[in-house]
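Position one of the sequence shown corresponds to residue 1 (the working numbering), numbered consecutively onward.
Do not take every clue at face value.
[Said to hold, decoys possible] In silico DSBU-like links for lysine-lysine, alpha-carbon gap of 30 Å or less:
hint, residue 1, residue 2
1, Lys-90, Lys-18
2, Lys-149, Lys-90
3, Lys-149, Lys-4
4, Lys-18, Lys-4
5, Lys-4, Lys-47
6, Lys-149, Lys-47
7, Lys-90, Lys-4
8, Lys-90, Lys-21
9, Lys-21, Lys-4
10, Lys-154, Lys-4
11, Lys-90, Lys-154
12, Lys-154, Lys-47
13, Lys-47, Lys-90
To be clear, the hints were calculated from the coordinates, so they are not data collected in a lab.
It should be emphasised that the depicted structure is a prediction, and the values quoted were computed from it without experimental measurement.
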Amino acid sequence: MSLKVFSEAFENGRILEKYGKMSADSIQGVPQLSFPISWEGAPEGTKSFALVFIDYDNVIGEGIVWVHWLAANIPAVASGLREDAARTDKSFVQGKNTWAFQLGIDNPVCNMYGGPAPEDRPHEYELHLYALSDMLNLQNGYYYNEFLKEIRGKILDVAVIRGVYSN
Numbered sequence: 001m002s003l004k005v006f007s008e009a010f011e012n013g014r015i016l017e018k019y020g021k022m023s024a025d026s027i028q029g030v031p032q033l034s035f036p037i038s039w040e041g042a043p044e045g046t047k048s049f050a051l052v053f054i055d056y057d058n059v060i061g062e063g064i065v066w067v068h069w070l071a072a073n074i075p076a077v078a079s080g081l082r083e084d085a086a087r088t089d090k091s092f093v094q095g096k097n098t099w100a101f102q103l104g105i106d107n108p109v110c111n112m113y114g115g116p117a118p119e120d121r122p123h124e125y126e127l128h129l130y131a132l133s134d135m136l137n138l139q140n141g142y143y144y145n146e147f148l149k150e151i152r153g154k155i156l157d158v159a160v161i162r163g164v165y166s167n
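Start from the sequences and build out the full structure, keeping to the hints where you can.
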């Protein structure tokens with residue numbers, strides 16, 4: 001069985017409004033309510049999970065991909081994360097999101113989930129869930145490039161879900 005990831009926040013190819021800019025749950029304009037995720041089919045030898053929630057469509061508008069959520073060292077015994085885990089679950093570490101580009105790298109809002117907020121048109125978002133052969137040497141506030149270097153040679157499997165969020 002291969003790794004599969006699911007989320008009730010992704011409905012018919014769309015991400016529910018409450019997980020992005022249309023939600024009233026935001027700080028400094030950054031949507032805060034992270035969506036629930038579940039998974040199954042982790043390969044033998046999985047020691048941890050990690051995820052990236054990213055917007056490649058942002059390149060057209062601003063010239064950069066937008067990282068909305070980085071989470072690593074999710075325990076191997078986990079089969080998911082609850083809604084709002086980015087604020088309530090301390091069992092994993094989180095990296096910087098690209099909101100730091102606007103709000104400053106030291107802003108705590110930039111070290112957790114920062115939901116979709118497309119300005120120009122609907123964007124397609126991707127959630128990549130990694131099953132890893134080891135824990136990662138990362139602390140809260142790490143950067144995406146550090147994450148990519150840390151997962152090299154440790155990826156046992158990856159699962160992806162995609163969804164569109166409207167502007």
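Cross-check of the supplied hints:
With a C-alpha separation of about 22 Å, the suggested pair Lys-90 and Lys-18 falls inside the 30 Å cut-off, and the hint holds. In summary, the hint linking Lys-149 to Lys-90 is supported, as the alpha carbons are separated by about 23 Å, within the 30 Å threshold. For a cut-off of 30 Å, the pair hint linking Lys-149 to Lys-4 stands: about 23 Å separates their Cα positions. Proposed proximity of Lys-18 and Lys-4 is supported: the alpha carbons are some 24 Å apart, at most 30 Å.
A threshold of 30 Å between alpha carbons decides the hint, and for Lys-4 with Lys-47 the separation of about 17 Å falls inside it, so the pair holds. For the proposed pair Lys-149 and Lys-47, the alpha carbon gap of about 17 Å is at most 30 Å, so the pair holds. Note on Lys-90 and Lys-4: the hinted pairing holds, with a Cα-Cα distance of about 24 Å set against a maximum of 30 Å. A distance of roughly 24 Å separates the Cα atoms of Lys-90 and Lys-21; the hinted pair therefore holds under the 30 Å criterion.
Note on Lys-21 and Lys-4: the hinted pairing holds, with a Cα-Cα distance of about 27 Å set against a maximum of 30 Å. Taking the CA atoms of Lys-154 and Lys-4, the gap is near 18 Å; set against the 30 Å cutoff, the hint holds. Taking the CA atoms of Lys-90 and Lys-154, the gap is about 23 Å. The hint holds against a cut of 30 Å. Between the alpha carbons of Lys-154 and Lys-47 the distance comes to roughly 10 Å, so the proposed pair stays at or under 30 Å and holds.
Taking the CA atoms of Lys-47 and Lys-90, the gap is about 17 Å. The hint holds against a cut of 30 Å.
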